[in-house]
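**Student:** Listed here are the chains, written in short residue letters.
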Amino acid sequence: MRTLLFLLCAGLAVAQDGAVRADWPYHGGSQLAWRYSSLDQINRANVAKLAPVWIFQTGDYEMGLQSTPIVLDGKLYLSTSRSQVFALDAASGRLIWQFKYPLPRVTVPYGPQNRGIAVGGGYVLLATYDDNLIAIDQNTGQETWRVALDDMRQCGCTITGAPLIVKDKVIVGGAGGDSAHRGYLTAVYIKTGRVAWRFYTIPGPGEKGHETWKGDSWKFGGGATWMTGSFDSSLNLVYWGIGNAAADNDAQGRFSGEGEGANLYTASVVALDADTGKLKWYHQEVPKDVWDFDSSYECVLLDREVRGQMRKLLVHINKGGYAFVLDRVTGEYVNGFPIVDNHNWTTGLTEDGKFVGRVEPVEGKPTLFCPSPLGGKSWNETAYSPRTGFLYTPTAEVCGEETVVHEDPHEGRNFIGGTWKFTNPPNGPAHSHLDAYDPVTGKRQWSYPYKYLLLASILATGGDLLFTGDPEGSFFALDAGSGTKLWSFQTGSGHRGSAVTYMVNGRQYVATPSGWGSLAAGAFPDLWPETSSFRGGSTLTVFALPEGTR
Amino acid sequence: MTAVDATLSPNRQSGRRRRSVVRVMQTWISLLCLLPALACGQDVIARGAEAFGKSCATGYCHGPQGGSGSTAPRLAARGFTEEYISQTVRRGIPGTRMPAFEAVIPRAELIAVIAYVESLNGITPSMPPARDTEKKLPQEAADGRELFFDSVRGFNRCATCHEVDHRGTPVAAPILKIPADVAALRQIATPEIETASADGESFPALVISKGKNQMKLYDLTAPPPVLRTFPSGSVTLKQGGNWRHSGVIAAYSDQELGAILAYLRAVTGP
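If you read the protein sequences in the order shown, they are chains P and X.
For the first sequence, this note's numbering assigns the number 1 to the initial residue and increments by one for each residue that follows.
For the second sequence, this note's numbering assigns the number 551 to the initial residue and increments by one for each residue that follows.
The set of hints was computed from the structure by calculation and includes no laboratory data.
Everything numeric in this text was worked out from a predicted model, so none of it was measured.
A hint or two may mislead.
[To be verified] Think about it this way: if two alpha-carbon atoms lie no more than 25 Å apart in a straight line, the pair counts; the simulated PhoX-like pairs of lysine-lysine are:
(1) P:Lys-191 to P:Lys-219
(2) P:Lys-219 to P:Lys-208
(3) P:Lys-100 to P:Lys-49
(4) P:Lys-219 to X:Lys-604
(5) X:Lys-762 to P:Lys-100
(6) P:Lys-280 to P:Lys-219
(7) P:Lys-214 to X:Lys-604
(8) P:Lys-167 to P:Lys-278
(9) P:Lys-288 to P:Lys-312
(10) X:Lys-788 to P:Lys-288
(11) P:Lys-443 to P:Lys-312
(12) X:Lys-760 to P:Lys-100
(13) P:Lys-288 to P:Lys-191
(14) P:Lys-191 to X:Lys-766
(15) P:Lys-208 to P:Lys-278
(16) X:Lys-788 to P:Lys-191
(17) X:Lys-604 to P:Lys-365
(18) X:Lys-762 to X:Lys-788
(19) X:Lys-762 to P:Lys-191
(20) X:Lys-766 to P:Lys-100
(21) X:Lys-760 to P:Lys-191
(22) X:Lys-788 to X:Lys-766
[As the list claims (entries may be wrong)] A short list of chain P residues far from chain X (calculated; beta carbon distances all over 12 Å):
(23) Asp-17
(24) Ala-22
(25) Gln-154
(26) Thr-192
(27) Phe-220
(28) Arg-307
(29) Gln-309
(30) His-343
(31) Lys-354
(32) Lys-443
(33) Lys-451
(34) Asp-479
(35) Ser-532
We treat Cβ as the ideally placed atom computed from N, Cα and C, and that holds for glycine.
With the rest of the complex left out, here is chain P:
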């Protein structure tokens, strides 16, 4: 049966290959962001025997370990929240080199957070908490170049997302869309560190879309690019999710009412020419966003049949709790569906993908919104398995009371325009679930419920397994077909990072970061007082099947 399933799927694999094998070369596995490895040495039949083989402690507990390791040619590269980088022997855990970046001496906007590095062209590319991009020699750990992409003391911005390598360039986004700041994406030549292009997510005077901003609000309108995009080499297009408009809750100062869309290109997915950074198309998911509903999450690139026709698709989940299916050649809306059970800010989507029945926050009186600004999903990333054909996504069933507070922008300063209080949904306690979806129709296949929020990314494998971890420290495997839990291991601290898998000398390994922390983790004690005792950490735990058992 497995062989038959494999043969059936082989046809799809020829058309498009977003799987990785021995290595984990990109943040999302491949540039298509599937977070899927075709390795199947560890599988449903033997996962119960999985055991730890080595553990690495980074020593950097700040804001938890939120990273995705990169693995190439038997070496594993790991970054921490305060921009420390380690190169390890992927089979033994032996430290090969360590890059010590100076620890912050001043306040870091939103706290220092790092979700990964990129490796390519002989370098490890590190985007630091204070807006520098650094090329570290992959073999020696020595700095080769560094360039300041901004000044966090002025912009109130920082870099949290992993850079994405695209041909001879490295593309990096930035966080800071809740400060008075204008977002951008920057492409830098890997060899020299010189800036190749910068795409401002808010059009300047004379550019199309500028008319959707009132007065000077475009200078401080947010649109951060704080996660990692994708790349389709056949179309030469880079896809990136753009964050919320600022002030988050208060559109009075920025909404012009002119042009198509509102506050472009915030809360949108953009497709850019990889060589020039020129906009090819955009799809704004939440025009005039007033809920902090970023669209900054991963863009999963899939080729799937839609109504009898093979289409190049992009699946993207918004913080507002909806998934969007777009044609990635044209940006055309194909489908949309909610991924959370609690959603009250809209009555739904029209056939052409427009939200209707919007309920907006007001001044002076808290309004309950579901989802909350934590998002119907946090930034922890989905996985797609070409074997099951399912998209696996974590969700967050949390609501929030939001009140508009008018404020004027001051460059680099907090620019939220409102107050929030996270709460339980009206009909029960806050919780989460990890779900399997048909990514085109939005049909939920199964659901794995959990009492807190699942804040770690999902890893899918050719062994028909899913791996992820929970805030209580448990790292576990589910059957990708049914959602049944097959194995777990207590790592000692909560999970906020992203597990990967790889193979060295014929042995498959699964590596997971653990270490509780991050902004979302800071919201836990109010919702669940007992979680205030959850301890931080910063550990990479690596598993394999015992020798001789595979």
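Assemble chain X onto chain P, guided by the hints.
**Tutor:** For chain X alone, coordinates are given in the frame of chain P:
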């Protein structure tokens, strides 16, 4: 979570000097408050509550009335000491996201916020009254500051290469000598610029260090400069180059450069 917890921990270390400063402040506010009315402290607290609502009880931070916020901890009824509140509000918690508000909000607001958070912890406000001592720049210098750090210009702003007043990137050495006028600024000579040849190309460079094993230089091909490290011996240097300071400031008008000079004089002068 650890960062959030870090912002909770009261700093119990209080030196004798700090205690005496607080006593002086308490005496000061007591004296000043006696005159207008006993309601003086209440006014400060009310102003602080308003400022707290704008700067502290927002989105990702603390909650209204000092309650726990979306992701930052509760501040009310925590048993914080006045030293701890003052220190934390003024200087922030380095390495975390708690800002040093001393640098971001006017002094009057700062004092009021401290008083308000004290009141939430059962402490009678002990801070001196509002006295805005922020350095007010003359209009032309204030305009110059905007232009120097003008983010609308992207990398083509002075702050891409100069750090002034704790902002900007210190590619160039600190500005010690300010040109007499706009004409002099446009004619600034840069004898330290060299032409580097490495990896089969030549580019204008500002050498930072020449060590036994490696050389560090800024590649000035286009802004922003890139700090590049080469093994010693792999780069050849030639005096002079095609990079001109007048080129990178060409987009600023004479009037704008005049304002920038006024700003530099205001912040680096006596």
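**Student:** All hints, please: hold or fail.
**Tutor:** Evaluation of the provided hints:
no. : hint                   : result
1   : P:Lys-191 to P:Lys-219 : 32 Å, violated
2   : P:Lys-219 to P:Lys-208 : 15 Å, holds
3   : P:Lys-100 to P:Lys-49  : 37 Å, violated
4   : P:Lys-219 to X:Lys-604 : 20 Å, holds
5   : X:Lys-762 to P:Lys-100 : 22 Å, holds
6   : P:Lys-280 to P:Lys-219 : 23 Å, holds
7   : P:Lys-214 to X:Lys-604 : 22 Å, holds
8   : P:Lys-167 to P:Lys-278 : 16 Å, holds
9   : P:Lys-288 to P:Lys-312 : 28 Å, violated
10  : X:Lys-788 to P:Lys-288 : 55 Å, violated
11  : P:Lys-443 to P:Lys-312 : 19 Å, holds
12  : X:Lys-760 to P:Lys-100 : 22 Å, holds
13  : P:Lys-288 to P:Lys-191 : 40 Å, violated
14  : P:Lys-191 to X:Lys-766 : 16 Å, holds
15  : P:Lys-208 to P:Lys-278 : 12 Å, holds
16  : X:Lys-788 to P:Lys-191 : 22 Å, holds
17  : X:Lys-604 to P:Lys-365 : 16 Å, holds
18  : X:Lys-762 to X:Lys-788 : 19 Å, holds
19  : X:Lys-762 to P:Lys-191 : 23 Å, holds
20  : X:Lys-766 to P:Lys-100 : 18 Å, holds
21  : X:Lys-760 to P:Lys-191 : 21 Å, holds
22  : X:Lys-788 to X:Lys-766 : 15 Å, holds
23  : Asp-17                 : 34 Å, holds
24  : Ala-22                 : 31 Å, holds
25  : Gln-154                : 5 Å, violated
26  : Thr-192                : 6 Å, violated
27  : Phe-220                : 9 Å, violated
28  : Arg-307                : 41 Å, holds
29  : Gln-309                : 42 Å, holds
30  : His-343                : 19 Å, holds
31  : Lys-354                : 26 Å, holds
32  : Lys-443                : 33 Å, holds
33  : Lys-451                : 17 Å, holds
34  : Asp-479                : 31 Å, holds
35  : Ser-532                : 8 Å, violated
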